[in-house]
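**Q** As they're listed, the protein sequences go chains A and B. Quick note on the numbering used here: the first sequence kicks off at 875 and runs consecutively. Quick note on the numbering used here: the second sequence kicks off at 3 and runs consecutively.
I should point out that these hints are in silico values taken from the structure, not numbers from a laboratory. Treat the hints with care, as some may be off.
Stated by the list, open to error - Below, in silico cross-link-like pairs of lysine-lysine (DSSO-like), each with a Cα-Cα straight-line distance of 30 Å or less:
| # | chain 1 | residue 1 | chain 2 | residue 2 |
| --- | --- | --- | --- | --- |
| 1 | A | LYS876 | A | LYS941 |
| 2 | B | LYS73 | B | LYS59 |
| 3 | B | LYS71 | A | LYS876 |
| 4 | A | LYS941 | A | LYS930 |
| 5 | B | LYS71 | A | LYS930 |
| 6 | B | LYS59 | B | LYS20 |
| 7 | A | LYS930 | A | LYS916 |
| 8 | B | LYS20 | A | LYS941 |
| 9 | A | LYS930 | A | LYS974 |
| 10 | B | LYS59 | B | LYS19 |
| 11 | A | LYS941 | B | LYS73 |
| 12 | B | LYS19 | A | LYS876 |
| 13 | A | LYS941 | B | LYS71 |
| 14 | B | LYS73 | A | LYS974 |
| 15 | A | LYS930 | B | LYS19 |
| 16 | B | LYS20 | B | LYS67 |
| 17 | B | LYS59 | A | LYS916 |
| 18 | A | LYS876 | A | LYS930 |
| 19 | B | LYS71 | B | LYS20 |
| 20 | B | LYS19 | A | LYS916 |
| 21 | B | LYS67 | A | LYS916 |
| 22 | B | LYS59 | A | LYS876 |
| 23 | B | LYS20 | A | LYS974 |
As the list claims (entries may be wrong) - Every beta carbon over 10 Å from chain B, so not counted as near; a handful from chain A, in silico:
| # | residue |
| --- | --- |
| 24 | LEU885 |
| 25 | THR898 |
| 26 | SER917 |
| 27 | PRO918 |
| 28 | GLU919 |
| 29 | SER923 |
| 30 | SER956 |
| 31 | GLN979 |
All C-beta atoms, glycine included, are put in the ideal place defined by N, C-alpha and C.
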Amino acid sequence: QKEVEQNSGPLSVPEGAIASLNCTYSDRGSQSFFWYRQYSGKSPELIMSIYSNGDKEDGRFTAQLNKASQYVSLLIRDSQPSDSATYLCAVKRGGTSYGKLTFGQGTILTVHP
Amino acid sequence: EAQVTQNPRYLITVTGKKLTVTCSQNMNHEYMSWYRQDPGLGLRQIYYSMNVEVTDKGDVPEGYKVSRKEKRNFPLILESPSPNQTSLYFCASSEGAGSYGYTFGSGTRLTVV
C-alpha cells in the first residue's frame, strides 16, 4: 500500500464548477498535510496546509482533513482554466521525522472553458 | 526575493563521472531537502536536513550524498552517476517542522548517458 494515494485522473471540470481532489494516507502518525500545485515544466508550489480535523479555507481553495478516515481533500471553487495543473497531496509525519515529506503521485486537473 | 536557487538547470554527463548539484536558500530556513521526480513514480525524497551537520535519509538515498556545512547551502553529490539517476531533481527548504511546507527550487534536469 502506498503511503499517499491519489487518483491520477485526469479530472476534467467546466469553468466555474467545483473541482474536488482527494487523497488518502496510510500512516496514522501523520500530522501535517499539504496541497501543492505543479504546472507542466515547473516546480511544485504550496497552496494549502492543514493539520487539524475539519475545513480550512483560503480564497477559492478549501482543504478538508479527516484523520479518522485518513483522508484529505482539496476543493477548488469557481474553477478557472488557469487552475489546470497537477495537484500533489503531501503528508508529513511528526516525531523524529520532521523533515520527511511524502508526496502522492498527483491528480491532473483540466478546467475547460 | 525569497528563493531556493539550484544550479545547473540542465546537465548531461557520462556514467561514473562525479557531479555536484548546488542548492542555496536565502530565507534562513532550518530544513532543506532533495527530491527527484520521475514519470509514473512522482516526487520521491532523497535526503533532508534539519540543521547544519544534521541530515537524514529519505525514501531513495542510494547513490547520493549530501552535506550541510552552512545553513543556506545543501549540495547533492552523485559520486558515480548511473543512467537510472537520469531524472528531474528539486531542492527545497522549509522554515521548520510541523505545518511548514517546503518551498521548491526551479529544478535540475540531469541526464546520465
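**Q** Taking the hints in turn, state whether each one holds.
**A** The hints, checked one at a time:
For the hint linking LYS876 of chain A to LYS941 of chain A, the alpha-carbon distance of about 17 Å falls within 30 Å, and the restraint holds. With a C-alpha separation of about 18 Å, the suggested pair LYS73 of chain B and LYS59 of chain B falls inside the 30 Å cut-off, and the hint holds. The suggested pairing of LYS71 of chain B with LYS876 of chain A is violated, with an alpha-carbon distance near 34 Å, which exceeds 30 Å. At roughly 14 Å between alpha-carbon atoms, LYS941 of chain A and LYS930 of chain A fall within 30 Å of each other, so this suggested pair holds.
About 38 Å separates the Cα atoms of LYS71 of chain B and LYS930 of chain A, which puts this hinted pair outside 30 Å; it is violated. With a C-alpha separation of about 20 Å, the suggested pairing of LYS59 of chain B with LYS20 of chain B holds against the 30 Å cut-off. Straight-line distance between C-alpha atoms of LYS930 of chain A and LYS916 of chain A comes to about 26 Å, which keeps the hinted pair within the 30 Å bound. A C-alpha spacing of about 44 Å is found between LYS20 of chain B and LYS941 of chain A, which places the hinted pair above 30 Å, so the restraint is violated.
For the hint linking LYS930 of chain A to LYS974 of chain A, the alpha-carbon distance of about 23 Å falls within 30 Å, and the restraint holds. A distance of roughly 23 Å separates the Cα atoms of LYS59 of chain B and LYS19 of chain B; the hinted pair therefore holds under the 30 Å criterion. In summary, the hint linking LYS941 of chain A to LYS73 of chain B is not supported, as the alpha carbons are separated by about 34 Å, beyond the 30 Å threshold. Among the hinted pairs, LYS19 of chain B with LYS876 of chain A is inconsistent with the structure: their alpha-carbon atoms are about 34 Å apart, more than 30 Å.
For the hint pairing LYS941 of chain A with LYS71 of chain B, the CA-to-CA distance comes to about 38 Å; that exceeds 30 Å, so the pair is violated. Restraint check: the Cα-Cα separation between LYS73 of chain B and LYS974 of chain A comes to about 18 Å, which is no more than 30 Å; the hinted pair holds. Distance restraint check for LYS930 of chain A and LYS19 of chain B: the Cα-Cα separation of roughly 48 Å exceeds the 30 Å cut-off, and the hinted pair is therefore not satisfied. As the CA atoms of LYS20 of chain B and LYS67 of chain B are separated by approximately 11 Å, the hinted pair is consistent with the 30 Å bound.
At roughly 25 Å between alpha-carbon atoms, LYS59 of chain B and LYS916 of chain A fall within 30 Å of each other, so this suggested pair holds. Distance restraint check for LYS876 of chain A and LYS930 of chain A: the Cα-Cα separation of roughly 26 Å lies within the 30 Å cut-off, and the hinted pair is therefore satisfied. For the hint pairing LYS71 of chain B with LYS20 of chain B, the CA-to-CA distance comes to about 20 Å; that is within 30 Å, so the pair holds. Between LYS19 of chain B and LYS916 of chain A, the direct Cα distance comes to roughly 27 Å. Compliance with the 30 Å bound is thereby established for this hinted pair.
With a C-alpha separation of about 25 Å, the suggested pair LYS67 of chain B and LYS916 of chain A falls inside the 30 Å cut-off, and the hint holds. Among the hinted pairs, LYS59 of chain B with LYS876 of chain A is consistent with the structure: their alpha-carbon atoms are about 18 Å apart, no more than 30 Å. Annotation: proposed proximity of LYS20 of chain B to LYS974 of chain A holds, straight-line Cα distance about 26 Å (limit 30 Å). No beta-carbon of chain B comes within 10 Å of the beta-carbon of LEU885 of chain A; the shortest separation is about 17 Å.
Every beta carbon of chain B lies more than 10 Å from that of THR898 of chain A, the smallest distance being close to 15 Å; the non-interface claim holds. Separation of SER917 of chain A from chain B is inadequate, the least Cβ-Cβ distance of about 4 Å not exceeding the 10 Å criterion. Not every CB of chain B is more than 10 Å from the CB of PRO918 of chain A (nearest about 5 Å), against its label as outside the interface. Here GLU919 of chain A does not stay apart from chain B, with its beta-carbon only about 7 Å from theirs, under the 10 Å limit.
Interface exclusion of SER923 of chain A from chain B breaks down, the closest Cβ pair being 5 Å apart, not more than 10 Å. Every Cβ of chain B is farther than 10 Å from the Cβ of SER956 of chain A; the closest lies at roughly 19 Å, confirming the non-interface assignment. Non-interface call for GLN979 of chain A relative to chain B: violated, since the shortest CB-CB distance, roughly 4 Å, does not exceed 10 Å.
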